[in-house]
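Chain by chain, the residues:
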Amino acid sequence: MKSSQDHLIEELQNFMDGDLEHFQTLGKKIIKAFKRQQRIMEQSDRRQRQEYDQLQDKLIEVEALNREIEETQKEVVFTMGAIGESRSKETGNHVKRVAGYSKILALAWGLKEAEAEMLKQASPMHDIGKVAIPDAVLNKPGKLNEEEYQTMREHAQLGYEMLRYSNRPLLLAAATVAYEHHEKYDGSGYPQGLKAEEIHLYGRITAIADVFDALGSDRVYKKAWKDEDIFALFRSEQGKHFDPKLIDLFFDHIEEILKVRETYKDQFD
Amino acid sequence: MENLHIEATKYTPQIDLDAETGVLHFSGKSYPENTFDFYQTTMQWIKEFFEQEMITKSRLEMDIIYFNSSSSKLFFDLFDLFEEAQEKGHTITVNWLYDAENENALEAGEDFKEDFESLDFNLIEK
Numbered sequence: 004m005k006s007s008q009d010h011l012i013e014e015l016q017n018f019m020d021g022d023l024e025h026f027q028t029l030g031k032k033i034i035k036a037f038k039r040q041q042r043i044m045e046q047s048d049r050r051q052r053q054e055y056d057q058l059q060d061k062l063i064e065v066e067a068l069n070r071e072i073e074e075t076q077k078e079v080v081f082t083m084g085a086i087g088e089s090r091s092k093e094t095g096n097h098v099k100r101v102a103g104y105s106k107i108l109a110l111a112w113g114l115k116e117a118e119a120e121m122l123k124q125a126s127p128m129h130d131i132g133k134v135a136i137p138d139a140v141l142n143k144p145g146k147l148n149e150e151e152y153q154t155m156r157e158h159a160q161l162g163y164e165m166l167r168y169s170n171r172p173l174l175l176a177a178a179t180v181a182y183e184h185h186e187k188y189d190g191s192g193y194p195q196g197l198k199a200e201e202i203h204l205y206g207r208i209t210a211i212a213d214v215f216d217a218l219g220s221d222r223v224y225k226k227a228w229k230d231e232d233i234f235a236l237f238r239s240e241q242g243k244h245f246d247p248k249l250i251d252l253f254f255d256h257i258e259e260i261l262k263v264r265e266t267y268k269d270q271f272d
Numbered sequence: 003m004e005n006l007h008i009e010a011t012k013y014t015p016q017i018d019l020d021a022e023t024g025v026l027h028f029s030g031k032s033y034p035e036n037t038f039d040f041y042q043t044t045m046q047w048i049k050e051f052f053e054q055e056m057i058t059k060s061r062l063e064m065d066i067i068y069f070n071s072s073s074s075k076l077f078f079d080l081f082d083l084f085e086e087a088q089e090k091g092h093t094i095t096v097n098w099l100y101d102a103e104n105e106n107a108l109e110a111g112e113d114f115k116e117d118f119e120s121l122d123f124n125l126i127e128k
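Residue numbers (my numbering), protein chains in the order written: chain X, 4 to 272; chain S, 3 to 128.
With the rest of the complex left out, here is chain X:
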């Protein structure tokens, strides 16, 4: 369909072809049309400016909200990790080191930065299930008997139950880590006795990170193992307790791992 301007152009053409009588009317119409056009443009410019301003304001708002959500999530996750920690014999920096080692291994495995970072944030919650373990078992000085040991082992399942109903990828990753960080590559771990690739990568990674840190740290009840002894154990457990490929990656990236350990080393007064 032709717009009224198209008609004017047509009329102008007719006029130029010799129809002088229409001159007055046509001139008025053209002027009117131009004025209208001008007004439409002004209106449109005004509106565009407003719309763009609004859009920018909204964008700033959304970005701030996003940051808020991310920060809240990190804080909640970290607090939950701290709660788990307070129920374990591990020290404050243990979860930070495990988080750091886990990310290094995840990146070495080939996971993208975002997923590796998610695992880093999720791994501090690996022992969250310990909040539900009775004090008598958790704080018992000395060796646990078989029954107590079984109770203690329930923390993996309990942690999983606490986190599994979330829809958040981060909490679901944490659920997996809590559930599977005591599984062993050869199937002799708990709670499910999963084997090899049946164990989620997150579980396989956290297992190495957790054990490496536990062995390499001084505790009030034990001295840290020497690195060479830990490395010897890791080599002998390659394919038994631990994923053989991940152990190779662990040694490939040992310098980075030791750097994390140094950064977050425990301070005893």
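Treat the hints as calculated values from the structure; they're not laboratory data.
Just so it is clear, CB atoms sit at the ideal spot from N, CA and C, and this is done for glycine as well.
Certain hints may be false.
[To be verified] Derived BS3-like pairs (lysine-lysine); straight-line CA-CA distance at most 27 Å:
id : chain 1 : residue 1 : chain 2 : residue 2
1  : S       : Lys115    : X       : Lys61
2  : S       : Lys12     : X       : Lys143
3  : S       : Lys12     : X       : Lys61
4  : X       : Lys32     : S       : Lys12
5  : X       : Lys31     : S       : Lys31
6  : X       : Lys32     : S       : Lys75
7  : X       : Lys32     : S       : Lys128
8  : X       : Lys32     : S       : Lys115
9  : S       : Lys128    : S       : Lys75
10 : X       : Lys31     : S       : Lys12
11 : X       : Lys31     : S       : Lys49
12 : S       : Lys128    : X       : Lys61
13 : X       : Lys35     : S       : Lys75
14 : S       : Lys115    : S       : Lys49
15 : S       : Lys12     : X       : Lys38
16 : X       : Lys38     : S       : Lys31
17 : S       : Lys128    : X       : Lys31
18 : S       : Lys115    : X       : Lys225
19 : S       : Lys128    : X       : Lys5
20 : X       : Lys31     : S       : Lys90
21 : X       : Lys35     : S       : Lys115
22 : X       : Lys38     : S       : Lys90
23 : X       : Lys5      : S       : Lys12
24 : S       : Lys75     : X       : Lys187
[Unchecked claim] Not the full set, but computed from the structure, chain S residues with beta-carbon under 7 Å of chain X:
id : residue
25 : Thr11
26 : Lys12
27 : Tyr13
28 : Asn36
29 : Asp79
30 : Phe81
31 : Asn106
Given chain X's structure and the hints, the job is docking chain S onto it.
Below, chain S alone, put in the same frame as chain X:
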């Protein structure tokens, strides 16, 4: 003459043209890809409606919350049709509906009202 009904889409308004009551209603958004093509049927219908002179009184209800520049241009053409019909003796009322929070809709309505002084053009807050 048959009534014309066009369902709203994401980019175009709902249009209800009633030949018996003379109520012509537009509501929604108007930013079609090709504005003049989209409104062709509507404009044709309105021209015929005025030509047939079945009734001599009609009311245009414009409840447009958002529109692009070419729709603005088309609305000028639309009001031209109403102005012409009025000059021929038809009684016309134009109601431009706007939301109190929608400054742009009000400003545009004021602009049209100013341009069509002879029309009974009402700005109505919803």
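Each hint tested on the structure:
1. Between Lys115 (chain S) and Lys61 (chain X) the CA atoms are separated by roughly 32 Å; this puts the pair beyond 27 Å, and the hint is violated.
2. A distance of roughly 67 Å separates the Cα atoms of Lys12 (chain S) and Lys143 (chain X); the hinted pair therefore is violated under the 27 Å criterion.
3. Restraint check for Lys12 (chain S) and Lys61 (chain X): the C-alpha separation of about 22 Å stays at or below 27 Å, so the hint holds.
4. About 34 Å separates the Cα atoms of Lys32 (chain X) and Lys12 (chain S), which puts this hinted pair outside 27 Å; it is violated.
5. A threshold of 27 Å between alpha carbons decides the hint, and for Lys31 (chain X) with Lys31 (chain S) the separation of about 32 Å lies outside it, so the pair is violated.
6. Distance hint between Lys32 (chain X) and Lys75 (chain S) is fulfilled; the C-alpha atoms sit about 14 Å from each other, no more than 27 Å.
7. Restraint check for Lys32 (chain X) and Lys128 (chain S): the C-alpha separation of about 34 Å exceeds 27 Å, so the hint is violated.
8. Distance check on the hinted pair: Lys32 (chain X) and Lys115 (chain S) sit about 18 Å apart at the alpha-carbon level, within 27 Å; holds.
9. For a cut-off of 27 Å, the pair hint linking Lys128 (chain S) to Lys75 (chain S) stands: about 24 Å separates their Cα positions.
10. Between Lys31 (chain X) and Lys12 (chain S) the CA atoms are separated by roughly 37 Å; this puts the pair beyond 27 Å, and the hint is violated.
11. Taking the CA atoms of Lys31 (chain X) and Lys49 (chain S), the gap is about 23 Å. The hint holds against a cut of 27 Å.
12. Distance restraint check for Lys128 (chain S) and Lys61 (chain X): the Cα-Cα separation of roughly 26 Å lies within the 27 Å cut-off, and the hinted pair is therefore satisfied.
13. Among the hinted pairs, Lys35 (chain X) with Lys75 (chain S) is consistent with the structure: their alpha-carbon atoms are about 12 Å apart, no more than 27 Å.
14. Using a Cα cut-off of 27 Å, the hinted pair Lys115 (chain S) and Lys49 (chain S) holds, with the two alpha carbons roughly 21 Å apart.
15. Proximity of Lys12 (chain S) to Lys38 (chain X) is assessed by CA-CA distance (about 30 Å); at most 27 Å being required, the pair is judged violated.
16. For the given pair, Lys38 (chain X) sits about 25 Å from Lys31 (chain S) by alpha-carbon distance, which is consistent with the 27 Å threshold.
17. A distance of roughly 36 Å separates the Cα atoms of Lys128 (chain S) and Lys31 (chain X); the hinted pair therefore is violated under the 27 Å criterion.
18. Note on Lys115 (chain S) and Lys225 (chain X): the hinted pairing is violated, with a Cα-Cα distance of about 88 Å set against a maximum of 27 Å.
19. For the hint pairing Lys128 (chain S) with Lys5 (chain X), the CA-to-CA distance comes to about 34 Å; that exceeds 27 Å, so the pair is violated.
20. For the given pair, Lys31 (chain X) sits about 20 Å from Lys90 (chain S) by alpha-carbon distance, which is consistent with the 27 Å threshold.
21. In summary, the hint linking Lys35 (chain X) to Lys115 (chain S) is supported, as the alpha carbons are separated by about 15 Å, within the 27 Å threshold.
22. Straight-line distance between C-alpha atoms of Lys38 (chain X) and Lys90 (chain S) comes to about 25 Å, which keeps the hinted pair within the 27 Å bound.
23. With a C-alpha separation of about 24 Å, the suggested pair Lys5 (chain X) and Lys12 (chain S) falls inside the 27 Å cut-off, and the hint holds.
24. For the hint linking Lys75 (chain S) to Lys187 (chain X), the alpha-carbon distance of about 73 Å lies beyond 27 Å, and the restraint is violated.
25. Hint status for Thr11 (chain S) relative to chain X: violated, with the closest Cβ pair at about 18 Å, above 7 Å.
26. Of the supplied interface hints, the one on Lys12 (chain S) is violated, with its beta-carbon coming no nearer than about 17 Å to a beta-carbon of chain X, more than 7 Å.
27. Hint status for Tyr13 (chain S) relative to chain X: violated, with the closest Cβ pair at about 16 Å, above 7 Å.
28. The beta carbon of Asn36 (chain S) comes no nearer than 9 Å to any beta carbon in chain X, farther than 7 Å, and the hint placing it at the interface is violated.
29. Below 7 Å, beta-carbon pairs count as interface contacts, and Asp79 (chain S) has one with chain X at about 5 Å; its hint therefore holds.
30. About 10 Å separates the beta-carbon of Phe81 (chain S) from the nearest beta-carbon of chain X, more than 7 Å, and the hint is not met.
31. A distance limit of 7 Å between C-beta atoms decides the matter here; for Asn106 (chain S) the minimum to chain X is near 5 Å, and the interface restraint holds.
Hint violations for this structure: numbers 1, 2, 4, 5, 7, 10, 15, 17, 18, 19, 24, 25, 26, 27, 28 and 30, all remaining hints satisfied.
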